[in-house]
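2 protein chains.
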Amino acid sequence: MRAAYHEKLSSLNDELAQMSLLAGEAMKKATSALLDGDLDLAEEVISSDTEIDALRTSAEDQAFGLLALQAPVAGDLRSVIAAIHSAGDLERMGDLALHVAKAARRRHPELVLPQEVAPYFAEMGRVALDLAQDARRVILDRDVELAFTMESDDDAMDDLHRHLFTVMMTKDWPHGVAPAVDVTLLGRFYERFADHAVAVARRVVFMVTGKMPDPPLA
Amino acid sequence: MRAAYHEKLSSLNDELAQMSLLAGEAMKKATSALLDGDLDLAEEVISSDTEIDALRTSAEDQAFGLLALQAPVAGDLRSVIAAIHSAGDLERMGDLALHVAKAARRRHPELVLPQEVAPYFAEMGRVALDLAQDARRVILDRDVELAFTMESDDDAMDDLHRHLFTVMMTKDWPHGVAPAVDVTLLGRFYERFADHAVAVARRVVFMVTGKMPDPPLA
Chain A
1 MRAAYHEKLS SLNDELAQMS LLAGEAMKKA TSALLDGDLD LAEEVISSDT EIDALRTSAE
61 DQAFGLLALQ APVAGDLRSV IAAIHSAGDL ERMGDLALHV AKAARRRHPE LVLPQEVAPY
121 FAEMGRVALD LAQDARRVIL DRDVELAFTM ESDDDAMDDL HRHLFTVMMT KDWPHGVAPA
181 VDVTLLGRFY ERFADHAVAV ARRVVFMVTG KMPDPPLA
Chain B
1 MRAAYHEKLS SLNDELAQMS LLAGEAMKKA TSALLDGDLD LAEEVISSDT EIDALRTSAE
61 DQAFGLLALQ APVAGDLRSV IAAIHSAGDL ERMGDLALHV AKAARRRHPE LVLPQEVAPY
121 FAEMGRVALD LAQDARRVIL DRDVELAFTM ESDDDAMDDL HRHLFTVMMT KDWPHGVAPA
181 VDVTLLGRFY ERFADHAVAV ARRVVFMVTG KMPDPPLA
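So the sequences go chain by chain: A and B. Letter 28 of the first sequence, counting from 1, is numbered 28 in full-length UniProt numbering, and no numbers are missing. Letter 171 of the second sequence, counting from 1, is numbered 171 in full-length UniProt numbering, and no numbers are missing.
Just to be clear, a hint being listed does not mean it is correct.
Treat identical chains as interchangeable: a pair holds within one or across any two.
Within a straight-line C-alpha distance of at most 16 Å, the following computed EDC-like cross-link-like pairs (lysine to aspartate or glutamate) qualify [said to hold, decoys possible]:
#, residue 1, residue 2
1, K8, D153
2, K211, E60
3, K28, E116
4, K211, E44
5, K102, E151
6, K211, D61
7, K8, E145
8, K171, D143
9, K102, E43
10, K102, D172
11, K28, D130
12, K8, D36
13, K171, D53
14, K28, D158
15, K8, E51
16, K102, E44
17, K102, D49
18, K211, D36
19, K102, E60
Just so you know, these hints were derived from the structure itself, not from any lab. Keep in mind the model is a prediction, meaning the values are calculated, not measured.
From just these sequences and the hints, can you work out the full model?
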């Protein structure tokens with residue numbers, strides 16, 4: 001019974017890991033689409049979001065089955081609840097990549113980003129991909145140390161996000177309001193993507209250690 | 001056993017209803033703080049967010065206890081899982097009200113909002129409060145009809161959000177980039193608040209009918 005249980009839990013975790021992989025890839029491609037005005041890549045991200053959504057539904061169904069048929073307790077129960085939360089966070093990461101891709105498509109063939117903020121987004125895209133890849137490893141390996149290192153990537157994302165505002169608020173921002181609105185929303189999407197990746201990792205830490213790490217999710 | 005179970009589930013739902021009440025009140029006060037530059041009110045919202053956070057922790061603990069001790073199946077299990085999700089959405093609604101209050105505090109004694117967008121935020125605040133109050137009733141009464149009417153309030157919020165952008169993008173927006181960045185983020189907070197309220201209601205519909213209503217959560 002417990003062997004069957006752990007096999008099922010492991011298969012659920014594999015789905016979550018796959019969701020991390022897809023969310024990271026989606027944000028990577030969305031960032032390229034944004035930076036290069038690549039419509040095909042944007043469309044690819046937009047059409048593949050259903051795959052992440054389907055994995056979320058499947059993960060929730062698996063979690064439901066585990067709870068209904070196996071009635072886990074203690075640590076096993078905590079794992080299933082963490083998986084339910086993580087599936088939600090990972091789906092949301094996919095949605096945020098989708099929002100970035102849609103912004104790239106909406107302005108095509110124009111570029112969304114004024115030149116001076118493009119490097120910030122290249123870097124935010126890199127950090128986002130790192131965080132999604134780390135979340136995947138944390139899910140698969142229950143790696144608490146790696147989960148803690150993600151906090152500093154999240155801080156790096158917050159710094160990039162703050163710098164973006166500084167760039168826009170300087171008196172010599174020549175692009176006017178419309179690009180500032182786009183940059184504001186896009187910056188927010190990357191920042192939230194990072195928050196959700198960190199939330200996934202924190203749930204794993206909670207599962208392994210029984211304690212929720214500080215600081216709480218912003 | 002089942003009577004005890006339903007009593008506990010009902011107490012869990014009462015906590016969720018209380019979270020809706022507090023999140024709605026928080027957004028109402030945050031909106032006043034924003035519109036009137038009322039620092040005391042902003043501080044009140046900021047310091048009371050811990051109350052919503054504590055209720056979320058308590059709701060998750062109760063849900064964990066129900067799953068561990070009663071091993072519910074079928075509809076009863078679905079109710080507990082819905083409660084876990086809803087607690088997350090409701091806590092997030094509190095966070096979004098907190099973000100609005102912090103924006104009001106950050107610019108004090110200046111007003112954050114240029115005069116021509118203030119009425120939009122007054123209206124978004126009203127819709128947000130309505131949605132939180134409706135979510136509370138849906139939680140308490142399992143009212144599927146009321147849940148469906150929330151979709152149109154959510155559409156109203158989306159329309160207000162879009163109009164905000166139109167106002168900022170017109171050529172005669174005289175306020176420059178900094179207020180546009182504030183307005184963009186604040187608009188997003190209200191829009192997400194509405195999304196989470198609707199997500200709570202949709203979970204109740206799913207629980208009652210076994211079907212997730214369309215359209216899917218944005």
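Each hint tested on the structure:
1. In this assembly of identical chains, the alpha carbons of K8 and D153 never lie at most 16 Å apart, being 32 Å within a copy and 41 Å across copies at closest.
2. Taking identical chains as interchangeable, the C-alpha atoms of K211 and E60 lie at most 16 Å apart only when they sit on different chains, with a minimum of 14 Å there against 24 Å within one chain.
3. For the identical chains of this complex, K28 and E116 are neighbours neither inside a copy (20 Å) nor across copies (38 Å), given an alpha-carbon limit of 16 Å.
4. In this assembly of identical chains, K211 and E44 lie within 16 Å of each other by CA distance neither inside one copy nor across copies; the values are 39 Å within and 29 Å between.
5. For the homomeric pair K102 and E151, neither the shortest alpha-carbon distance inside one copy (28 Å) nor that between copies (23 Å) is at most 16 Å.
6. Taking CA atoms no more than 16 Å apart as the test, K211 paired with D61 passes between copies only; the shortest distance there is 13 Å, against 27 Å inside one copy.
7. In this homomeric assembly, K8 and E145 never come within 16 Å of each other (Cα to Cα): the closest approach is 25 Å inside a single copy and 37 Å across copies.
8. Within a single copy, K171 and D143 get their C-alpha atoms no closer than 46 Å, and across copies no closer than 52 Å, so neither meets the 16 Å cut-off.
9. Within a single copy, K102 and E43 get their C-alpha atoms as close as 8 Å, which meets the 16 Å cut-off; across copies the closest is 37 Å, which misses it.
10. In this homomeric assembly, K102 and D172 never come within 16 Å of each other (Cα to Cα): the closest approach is 28 Å inside a single copy and 27 Å across copies.
11. Taking the shortest Cα distances, K28 and D130 sit within 16 Å of each other inside one copy (10 Å), while across copies they are farther apart (38 Å).
12. Taking the shortest Cα distances, K8 and D36 never come within 16 Å of each other, neither inside one copy (42 Å) nor across copies (55 Å).
13. Taking the shortest Cα distances, K171 and D53 never come within 16 Å of each other, neither inside one copy (43 Å) nor across copies (39 Å).
14. Proximity of K28 and D158 under a CA criterion of 16 Å is satisfied in neither setting, with 18 Å inside one chain copy and 28 Å between copies.
15. In this assembly of identical chains, the alpha carbons of K8 and E51 never lie at most 16 Å apart, being 21 Å within a copy and 37 Å across copies at closest.
16. Proximity of K102 and E44 under a CA criterion of 16 Å is satisfied intra-copy only: 11 Å inside one chain copy versus 38 Å between copies.
17. For the homomeric pair K102 and D49, the shortest alpha-carbon distance inside one copy (12 Å) is at most 16 Å, but the shortest distance between copies (33 Å) is not.
18. In the homo-oligomer, the alpha carbons of K211 and D36 never lie at most 16 Å apart, since the shortest distance is 43 Å inside one protomer and 41 Å across protomers.
19. Neither within a single protomer nor between protomers do K102 and E60 lie at most 16 Å apart by alpha-carbon distance, with minima of 27 Å and 35 Å respectively.
Checked against the numbered hints listed earlier, the structure breaks hints 1, 3, 4, 5, 7, 8, 10, 12, 13, 14, 15, 18 and 19; every other hint is satisfied.
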